[in-house]
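Trainee: So the chains spell out like this:
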Amino acid sequence: MLMRGSHVIAESAIRAGCRFYAGYPITPQNELTEYMAGAMAKVSDATFIQAESEIAAINMVLGAAMTGARAMTSSSSPGLSLKQEGISFLAASELPAVIINTMRGGPGLGNIAPAQGDYFQATKGGGHGDYHSIVLAPASGQEQADLTVKAFECADRYRSPVIILIDGMMGQMMEPVILPEPIDPRSLPPKSYILNGASQRPSRFIKSLILDTRDMEEHNWKLQRKYESITRDLILHESYLTNDANLVVIAYGTAARIAKGAIKRVREMGLKVGLLRPISLYPFPKGAIVELSRIVKHFLVFEMSTGQMVEDVKLSLEGRSKVHFYGRPGGIISTPDEISKVISSLYYRQNLEEEQ
Amino acid sequence: MEKKVFERPKLLKKAVFHYCPGCGHSILHRLIAEIIEELDIAHKVVGVPPAGCAVLAYDYLDIDMGESPHGRCAAVATGIKRSLPDRVVFTYQGDGDIAAIGTAETIHAANRGENITTIFVNNGCYGMTGGQMAPTTLIGQNSSTTPGGRDYARDGAPIDLSEMLALTKGSVYIERTTVNSPANIRKTKRAITRAFKIQMAGLGFSLVEVLSPCPTNWKMNTVDSCKWIEETITKTYPLKVIKDTVGDKIQ
Ligand code: SF4
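Read top to bottom, the protein sequences are chains V and G. According to our numbering, the stretch in the first sequence is residues -11 to 344, in order. According to our numbering, the stretch in the second sequence is residues -14 to 236, in order.
FYI, nobody ran anything at the bench for these hints, they're computed from the structure. No experiment lies behind these values; they were computed from the predicted model shown. All C-beta atoms in this analysis are idealised placements derived from N, C-alpha and C, irrespective of residue type, glycine included. Be aware that one or more of the hints could be misleading.
As the list claims (entries may be wrong) - Computed beta-carbon distance windows for the label pairs:
#	chain 1	residue 1	chain 2	residue 2	range
1	G	Asp229	V	Asp33	31 to 41 Å
2	G	Lys204	V	Gly318	37 to 47 Å
3	G	Pro6	V	Gly117	28 to 38 Å
4	G	Ile124	V	Leu176	18 to 28 Å
As the list claims (entries may be wrong) - Result set (DSS-like, lysine-lysine): computed pairs, CA atoms no more than 25 Å apart in a straight line:
#	chain 1	residue 1	chain 2	residue 2
5	V	Lys210	V	Lys195
6	G	Lys29	G	Lys(-2)
7	G	Lys204	G	Lys154
8	V	Lys310	V	Lys252
9	V	Lys302	V	Lys248
10	G	Lys29	G	Lys(-12)
11	V	Lys195	G	Lys(-2)
12	G	Lys29	V	Lys179
13	G	Lys(-5)	V	Lys195
14	V	Lys285	V	Lys302
15	G	Lys234	G	Lys182
16	V	Lys248	V	Lys179
17	G	Lys(-5)	G	Lys228
18	V	Lys195	G	Lys172
19	G	Lys220	V	Lys195
Claimed, not checked - Interface residues of chain G toward chain V, partial, derived using beta-carbon atoms under 7 Å:
#	residue
20	Glu22
21	Gly51
22	Thr63
23	Arg72
Let the sequences and hints guide you as you build the complete structure.
Mentor: Okay, structure coming up:
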C-alpha cells in the first residue's frame, strides 16, 4: 500500500490496538491528527479528542493510560516542549504511552522544515527528574509501521513512555508499506495496575508523589534498573557496508537516508565508507559502535542539528576512535551530493586510503 | 438495645488525616466516602486528586485514584472517563489548581460536556505551599504574597470560576456550598450526591464549589474561620445553585 508516513503511523497505531488519541494542531504533523480523527471514528470503542492544548492532550493520555488503554498523542517540537510535564509524570507513574514527535526547525517557534534538534530532549529525559523515554527513529515508511507497533508493545512491556522521532520529510514521504495485522486490544494480557473501579479487589492508586526520601531514592533506582534492562534488550540499529569500511558515518532518520545516498556515491569512487544507523536512540547502540571501533578509526556523525547525538557517539567510544561531525540545523536538508563531498574530503584529508 | 447512629465510613481508610485541625478537606473526604458508599458505586468510581494539600487523598479514600499533575485533573479525568464511560469519575481540586494553572483544562472539559464531576475546594489560598495568593483570594485578604492584602490594581479581582463555567454549554449543574456548619455540610453532601447522580445519568459536566476553611493560612481559629466564611467570603462567593439545567430529572 502506498501511504504517506504520518498516515502509516496513525493507521499502524490503530492496528496495534491504540484506542485513545488526543492531539493539538501543529505543523508539520496535522495529517497524523486528521487521519486519527477520521479513522478512530470508525472504531467502536475508540476515542479521538482534539485537545485544548498540548498539555491537556498529554494529560488525557495519562488518564487513558491509567485505565489500561493503548493511548497516543503526537505533536511537533514546540508541542513536545509543552508535553514534557506529562511525559515526566508518565515515566514517574510507570504508565505506557506512545508520543510521536515530527521534529521541526528550532529553537523557539523555529520553522516547519525537517530537523533533528530534539534529540537531547527526547533521549535524555526532556522533562524534570531522572528518567528516560524509549526513543525510536524510523527511516522509511515500512519502519514507521513496524516501529509504531513496537512502540506500543514496548510501552506496555516496560510501562514507559515511548517516543517516535521523525520529521516532516518522513511524515510526508509516500512509500509502499505492508501494514501490520490489526489486533483487538481486548486480546492483550490484562494489566495489574489499572484504575477501573475497585470491584472484587482492593482499591488502587497511581501516583508519582513520594515524600519519603528513601522511598523516592528507591523509586529512582527502580526506574534505573528498568532502563538497564531496556538497554540490554531493546537496542536496534542497521549496519550498511561497514564490513570493510575505513570510515563509518553515523546518522539516524532522514539524515541516515541522505547519508546512504552519499555513501553509494563515494563507494562508486572506491572509498570504503559504511553507515551505522541507530534505530533506537534510547537505548543507544553503544555496543555496535564500540565493536566497529576495533577496526574503524574514524567516524563521521551527520545530524540535522548543531550536534547532539555526536555526544553519545563520543561517550560510547571513550576516545577509542576519532569522531568527526557535520551538521546542518534549522531545517536545512542536505543533499546526498553535499554529504558525499563532506565524506570524501574527510576521507582524503585523513588519508584513509592508506589505512590497512 | 444499642443502635449505632454514627460510624466511620467504610471507604475511609484507617489513617490519620495529615490535614490541619479545622481544615475543610477532612470533612469533605468524609462526605465523599459517605456518598460513594450510599450510592454504592465504590466498585466503579475513579477519583483524580490534585497537587496541593489534598494530593494525599488516596491515603484516606479507599477507592481507585489516579494522581494528576497540578491543574490537569480535568484532562486526566477526561482520559479516564472516555476510556471507561460507565465508571463514575470525579476530580478533587483546590482553587489554585482549578482556577489558575488548570483553568484551560477545566473550562474545556466543561465545554465539551465531559460527563465527570468536579469538587472544587475553594479556600482562597495556596494551602500546601504556605498560603500564597490564589485566584480566589478576596480583595484586601492577606496572603504570603499579598502582604497588606490583595490589591485590585496590582493583583486583579477574585475570579468567579464557577460562574464562568456555567456559561459553557456542556455544564449542567454547578452549585456553591460550604462546610462551615452542620447544616451547610448536609447541603454540601446533597450537592455532591446530586452531581454524582447527574454523571451516572450521563447528563454532562457537574461541579460543586465548596468554600472551605484553611485556618492555618488564614491565621484564625476554627470557629473564626467558619464565621469568616459566613460573614465575609460569601459576600464575594455567594452560596447558591449557579446553574442547573437538569431540574427534576434527578431528585
Ligand atoms: S494548609 Fe489549609 S488547606 Fe492545607 S491542610 Fe492546612 S488547613 Fe487544610
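Trainee: Compare the structure with the hints numbered earlier in the document and write down the numbers of the violated ones, lowest to highest.
Mentor: Violated hints: 2, 4, 7, 10, 16, 17, 18, 19, 20; rest satisfied.
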